[in-house]
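Given the coordinates of chain A, assemble chain B onto it according to the supplied hints.
Take a look at the letters that make up each chain.
Number of protein chains: 2
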Amino acid sequence: MVQYSRQLDSAFAALADPTRRGILERLGRGQASITDLAARFDMTLTGMKKHVQTLEDARLVTTEKVGRVRHVRLGQHRLEQEAAWMARYREMVEGQMDRLGAFLERTQEDNP
Amino acid sequence: MVQYSRQLDSAFAALADPTRRGILERLGRGQASITDLAARFDMTLTGMKKHVQTLEDARLVTTEKVGRVRHVRLGQHRLEQEAAWMARYREMVEGQMDRLGAFLERTQEDNP
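Protein chains in written order, with my numbering: chain A, 1 to 112; chain B, 1001 to 1112.
Everything hinted at is true.
Taking CB as the label site, the calculated pair distances span:
no.	chain 1	residue 1	chain 2	residue 2	range
1	A	R59	B	Y1004	20 to 28 Å
2	A	V69	B	G1047	42 to 50 Å
3	A	Y4	B	A1087	17 to 25 Å
4	A	Q76	B	T1046	40 to 48 Å
5	B	L1104	A	G67	16 to 24 Å
6	B	V1066	A	R29	45 to 53 Å
7	A	Q76	B	T1019	24 to 32 Å
8	A	V69	B	G1030	52 to 60 Å
9	A	R90	B	Y1004	17 to 25 Å
10	A	R106	B	A1039	29 to 37 Å
These are computed hints drawn from the structure, not numbers from a lab.
The beta carbon of each residue, even a glycine, is placed where N, CA and C say it ideally should be.
Isolated chain A (complex conformation):
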């Protein structure tokens, strides 16, 4: 449960940044080096390394060093638990709206 919770923490935190979401979208079209990504996002190598580290800690990307170049690709984490959590949240919101609708209907019936 704690492990599950930490995974949600790190995945949601990693996704809460437009540059990191942009990196994932770029990697969706194929792997890239840290240098490519830094150039693409107009960022220093150090800044890009930090973003990639955050994504790697959340298991959203994997990296591999080949010679002097570090290649980054999408990880195998499919955000299944995160999607399940959000689906449950959506059900809760809909349940609340149903209850509110039922309440308003009863109120109208009582005060026609």
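Coordinates of chain B only, in the frame set by chain A:
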């Protein structure tokens, strides 16, 4: 687009904390006051107000002051854009795995 991006930032950041996810789960069973929530999560009123503010900024809850009590309930934000983003990410991961599978197949055919 910027607006859309900011909404994703604030929603994902709000969800990246186990207490805030716990508050949403609690509110799924009905509205609660800030005082109730602080007691439930063994937290100071000030700490709880900050969490509720973060959730309210991300439109995940709404609050209403009735007399001296501030009531909190789930907002009407259904995380639709966030869920769509994650579904797209999942498709990208699956596309990458398909390409990798096809590559490995070709490699095996070339070196039987």
